[in-house]
Amino acid sequence: MNFFQEQQKAKTNTLYLVFLFSIAIVFLIFLTTLFILGAYFYLGEIPFTQIVAAPQHYLSTRLILNVTFVVLLVVLSGSIYKYFELSGGGKNIALSLGGRLLSRNSASLNEKILLNVVDEISIASGMPTPSIYILEDEGINAFAAGVNLDDTVIGVTRGCVEKLTREELQGVIAHEFSHIFNSDMKLNLNLVVILHGILLIGIIGKVIFDSVGNSSRYSSRSSKKSDSTFYLLAVGSGLMAIGYGGTLLGNLIKASVSRNREYLADATAVQYTRYPEGIAGALKKIGYYSSGIRSSVADTYSHFYFALGVDSFFDTHPPLTKRIQKIDRFFNGDYSSVILKTPSSNESDIVNEVSKKEKQKTLFEEVAIATVVASVATVNEKEVQDVHNEIQSLPDEVLRLIDEPLGVQALLLSMMYDESYKVEVYTYLHKVDPYLLHEFNVVVKKLYKNLKPHTTLITSLALNTLKLLSLEQYQTFKESAKYFIAIDGVVTIYEWSLFYNITRPLEINLGILKTPKSIHYHIGSVKSELEVIYSLLAQKQYVNDEEAQNVFDSAMKEMGTTALKYRVSTSLDYGSFLDAVNAIETLKPPLQKKVFEGLLHIVQSDGKISIDEYLLVSALSKMMQIPLPKRFT
Amino acid sequence: MEYVVFGLVIVIGLYFISIYNNLVKYKNQLDNTFSQIEVQLKRRYDLIPNLIEVAKGYMKHEKETLEAVIAARNEAQSSLNGLNQLDTTSIENFNQAEQGLVSSLGKMSFVMEDYPDLKANENMMQLHEELSTTENRIAFSRQAFNDAVMVFNTYRQSFPQNMLASKFGFMHDAMNLEFEDSQEIKKAPKVSF
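Line by line, the protein sequences are chains A and B.
Using our numbering, the letters of the first sequence correspond one by one to residues 1 to 633.
Using our numbering, the letters of the second sequence correspond one by one to residues 634 to 826.
Please keep in mind that the hints were generated in silico from the structure rather than gathered at the bench.
Even glycine gets a Cβ: it sits at the ideal position worked out from N, Cα and C.
There's no promise every hint is true.
Covered stretches of chain A (in silico footprint by chain B; criterion: 3 or more residues with CB under 8 Å from a CB of chain B, positions within the stretch not fixed) [to be verified]:
hint, segment
1, 95-102
2, 430-439
Restraint-style ranges between C-beta atoms, simulated for each label pair [as the list claims (entries may be wrong)]:
hint, chain 1, residue 1, chain 2, residue 2, range
3, B, S723, A, E472, 22 to 28 Å
4, A, D606, B, E686, 58 to 64 Å
5, A, G88, B, K740, 46 to 52 Å
6, B, S723, A, K446, 34 to 40 Å
7, B, M758, A, D488, 33 to 39 Å
8, A, I609, B, S723, 51 to 57 Å
9, A, A563, B, I645, 54 to 60 Å
10, A, K565, B, L641, 54 to 60 Å
11, A, S420, B, K693, 47 to 53 Å
12, A, A267, B, M758, 53 to 59 Å
13, B, V637, A, A267, 48 to 54 Å
14, B, K800, A, L513, 31 to 37 Å
15, B, N756, A, Q271, 51 to 57 Å
Same shape as in the complex, but just chain B (with noise of 0.2 Å):
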């Protein structure tokens, strides 16, 4: 008989120490997806000032368009650089600088249509080429960070470790990236035959 609780609380022991692993495994890789979309944030902040400064040879009469666009950049870029613990309330903020963001590029490339110069201008195509890429990047990435976090959240949230989790140190679960995509990467690409 004893061998027997004591055979069990070796096994409950062990199965504890798994449940933690697995835990900071998952943790650990949710860190590593996340590192992915910060590359491509980061080259799409390098990119929009480069691409207001092409603009604004061409929409003077749209200051306020492009300092918007500035702005929202500007702000999302701050609350990237505060974003080193994922946690639940930089993530949310996170998420609205770079809806902002998005939605301001929106506004941008639809005032755009009124200047066919601009749209033909070869250093804008270029531009926007690549800024189109890079969100197409983002998006992607976006994709593999929920798809860790639904990994992480899940494990967390079934039996037994629900129970255990918190006590572990993993008190919340992680919070998704729920900034929209921009207009242009939903658009399917121009095919000609």
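The following block holds chain A by itself, in its conformation from the complex (with noise of 0.2 Å):
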């Protein structure tokens, strides 16, 4: 199953979780009358049996009514609590489990590892890489949010960085991304949303219980409140009692949901890696040593997890042992022997042909568009070994500047520099960030060369850093690039996408920028737009008017389009551009993917795929939320 289809899919899902929900509403409904009637039944002395003999009597339709009305009202305001909270994306869930933001410069070697696995599966599968935020817990464990592909954050324990190989964390993060391509980031998130929802009615009822408890002891000699603090402990400790039934029920939908999920992570983190042993390994530690998580709200986000982060009557997570042995079938459940154990010759011999083999048909396969299209949102090892490299080729300063905050800004402004506006250029930078400018001297003395063949991996790994510029210092680094960028009166596409690159993913994480709904299903209403961008897309190909359009015409040949016309280069300006990018974005997941495949071919119609171009189909896939394959290029 390909991404486009799980996105497709998560929607049905969403309506399974929707169908739960109302039946969790209407047992709690149940619930809470059973509960009044009791009450009934107490404070009238009618008999027990006069009750069931006849219900009918104290059942009134009023009575239903008004339960029905309260617990909606109470459910409802929860979850859409919930909701705007977790609009805010990943990184609110990470800080609230008391999450660290990693940062390669203040990182241990051990993290720095971690740093460096995620940066490459994350810059193999071409998506967005995550912040990485640490957990202060002795467990092995770790959980992917967010809302989308850009405000994605990982979680991992201090147990995970810790006690892990590379390997074995290579396996953990690929099974964390593999949640974040099956569209599991979403459901996990509307999973919490309706949760909380149900849970806030034993919430409120442990407030009650608490706060008149407490008032109580201190009033305890005045008689008259006592009649009235009976009944508000009465009530508060009858919520409670709703609310435990409401959180049995959210853990059942919670493990109906859940654990078929993690089967499906892991195989396909198998499939990523190529390493059965990582994530085989990954889990058996998990068996000797805990995956628990002490965090007080770790209940709510338990179906996160890599593994059980709470133990509950529900597991989210199906048992560790058969999730080791679909991995690896030779497993007999003894954790105790495992953890010295290297894996014993005949078995890595196998492995190795296995991976032989999947190298050679890697090597050999033609990057032809339905292979990049299928390939959305999957990595190989040998991407992974790739994007490993091509870091290791860059030089070791420019690996520190892109560790640093402020080095990696001035990085970023050297790439745009052009020196012939030098005086202008220092002038600027000296008004508006001396600090800035000290560094800009700094990096563009030393002159780095060849480094445009590297900008989407420099881009990538250096949004990690910029995260942790604050508001302020943001803005003044945006100002200055497009200072530097409109300097010479024009805006390349390269300079467009290189700035795009950077700023989207950063304003997502600032809370800046929201990535807008989806809102067109048909191709016919983003006509114009889509002509525009096609069209300058050809013209980059070749510079011949009508050589670019035979171009154009024929991507849209293949893709059945023809109703798309080609503009001519003079009537197309900046604007025109600016404002086509934005409809991209608001395009619904099966029109996206027949977008996507129109850049591909338009893209790949001389046979080569330039810097400019990659950079820029790079940033239209990220507007649409595609991760793009490492394999076009």
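Quick one: dock chain against chain with the hints and give me the complex.
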């Protein structure tokens, strides 16, 4: 199943959730009514048998309506609240679990390995590098959270970083990435939203119970109050009881939705890394140590984790031994021995044989568009290795600059720098940010050459560090970058794409940009916008309008969208390009796929893909929430 | 009528929860930005002894100045180590220690003007360059930290958070880092055309 199908399927899953949610509400209404009947029975001293014999006397429509209304009010307001809280992105979840943002220049050796693993997989799969948060827990666990690809975070426990080998970490991270690509993040978030509503009744009950319990201790002498205190206590404990019913249901829902997704993610992780020992080893170590998470809100997010974070009656994850056996058939459930055991030569030979075959396959694969589309949101170990090598090939000094908030800004600015405007640029920087000027001066003096081929790599790596900027510092950087780009009066495709590939993820992370809701179902509604973008790309291939039109037309024929008409280069300007780009962002998933294919067709038409083109396609696919596969280069 | 009251209670309760969550979030962000300064500060504390080592050979008659730098560096380092809570007094101490270090470094580079040989020493030039880059980065991350402090304090002091924050355990405003930048980075870098 590919990325685009998964996205479609996520909708069905959400519908299933809504269905379970409605059942839960009905159940809650039933419980509450029962509780009120119990209260009648107690207060009116009506014998229980009488109620059972003729419940219709007490069970008026009005009562049921009232109960329904109140339960709905509580549950919905709880859910709506959580929805708004979570729409702030994955960052908020990580922070509320007590996570600390990892940055490369303050990271320990083990943390650096983790950051490298994440960078390599995310760059290889073409998705924006997620922020990494570390949780100070000894258990081995991890989670991925976010509303969409742009604001994803991955949280990893201290135990995970310290106790796992690089390969095992890779397995865990690949597992988290497959959650991201299988649209599980969105499902998980919806689950939290829904559960919060259901759990709210219990929380209110607990608050009433606690606060009344406390205040009654102080005012126990005034006997007047004791009556109302008693009732409040009764109400509180009643709500708590109903709440526990809700919690039970919530866990049932979680378990039913979450468990299958875990098997799927394990399988995908093996497929990504081609190294089953990695993830199996991580799971075995969890069996040996533990995967517990201590945070007080850990329960709410238990279905996010790599392995069981919280024990509950209905487990959110399949049993560990079963998960391992699905990957390693020979595992007998003995965790104590696996820790010291290295894979026996037999097994690893088989694995080597398999991966050798796979390697040959990927080597001879043609970069056909269908393959690229099918490989959206997948990674293979060769691509990860390529990224690893490419990072290693960068000069150490450049890597050090990338790890440092001020250095990375200077480096990016130097990539937009045109030396013929030296005086203007220095004067400008001196005015807006002397620190940045100082650093920029250092970077420019070193004159790093040949960085342009690595632009995509550098921007991806840079994002992590740039997330450390405060809002004010980011604004200064953005203004400076704009100044650098516009100084010669021309905005090139390279400049725009570079700028856009940096600013968009950062602004989403800072919360100043929201991903717009997708509204367009039909290619017709964005016809003129697509014409602008496709024509522009065609002109990037061939300067001559006639040839460009040929490319354009043949691509349209290929896609079956001959209604789109070519626009001559003189009719296009920067403004119309920007408008067109904004429309691209609001496409619905099935249309996105089509538009994406169109982009690939045109860009590949002259048989080679330049860096400018690659950057532009990568910026555009970022807008459409499609990870651009590494295979496309 | 009861419904309205009931609804209001829920809304207010949720509002309180969101205030608490925001306070936690801003405080965590504050701690995050501090770790950035720490990295650079440590880097500088490591650079200074090397610098002194090179200078010693040339500045035999300025022993006092050099010793003062080392003392100030040790003082600043130990007060940084005592800074895990980011509370008011320890930040004040740290601000003072840093201020002392910056001024003793300033003195040293002033005295260095009299030793052209030392200034021309390649090792010295490299160390000096590295030190000023590090200081520049410290200044920059200090800016980020102070921005985060402002966000936290503004939120804490606004209505109605000001009535709740101390009940939620956020007793005090966060404290700015207020040591000055060294003379080196106030100067614009030399540009030759």
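Each hint, compared with the structure:
Restraint check on the segment 95-102 of chain A versus chain B: 6 residues with Cβ-Cβ distances below 8 Å, three needed, restraint holds. Interface restraint, the segment 430-439 of chain A with chain B: holds (7 residues with C-beta to C-beta distance below 8 Å; minimum three). Between S723(B) and E472(A) the beta carbon distance is about 26 Å. The supplied range of 22 to 28 Å therefore holds. For D606(A) and E686(B), the hinted distance range of 58 to 64 Å is satisfied, since their beta carbons lie about 60 Å from each other.
For the pair G88(A) and K740(B), the supplied restraint of 46 to 52 Å holds, since their beta-carbon distance comes to about 48 Å. Hint check: S723(B) to K446(A), Cβ distance near 38 Å, so the stated range 34 to 40 Å holds. Checked against the given bound of 33 to 39 Å, the beta carbons of M758(B) and D488(A), roughly 35 Å apart, stay inside it. As the Cβ distance of I609(A) to S723(B) is approximately 55 Å, the hint placing it in 51 to 57 Å holds.
In this structure, A563(A) and I645(B) meet the distance hint of 54 to 60 Å, their C-beta atoms being roughly 55 Å apart. One distance hint, 54 to 60 Å for the beta-carbon pair K565(A) and L641(B), holds here, with the actual separation near 58 Å. For the pair S420(A) and K693(B), the beta carbons lie near 49 Å from each other, so the given range of 47 to 53 Å is met. Between A267(A) and M758(B) the Cβ separation comes to about 58 Å, which falls inside the hinted range of 53 to 59 Å.
Our hint of 48 to 54 Å for V637(B) and A267(A) holds, since their Cβ atoms are close to 52 Å apart. Taking the beta carbon of each, K800(B) and L513(A) are about 34 Å apart, inside 31 to 37 Å as hinted. Roughly 53 Å separates the CB atoms of N756(B) and Q271(A), a value that falls within the hinted 51 to 57 Å.
Checked against the numbered hints above, the structure violates none of them.
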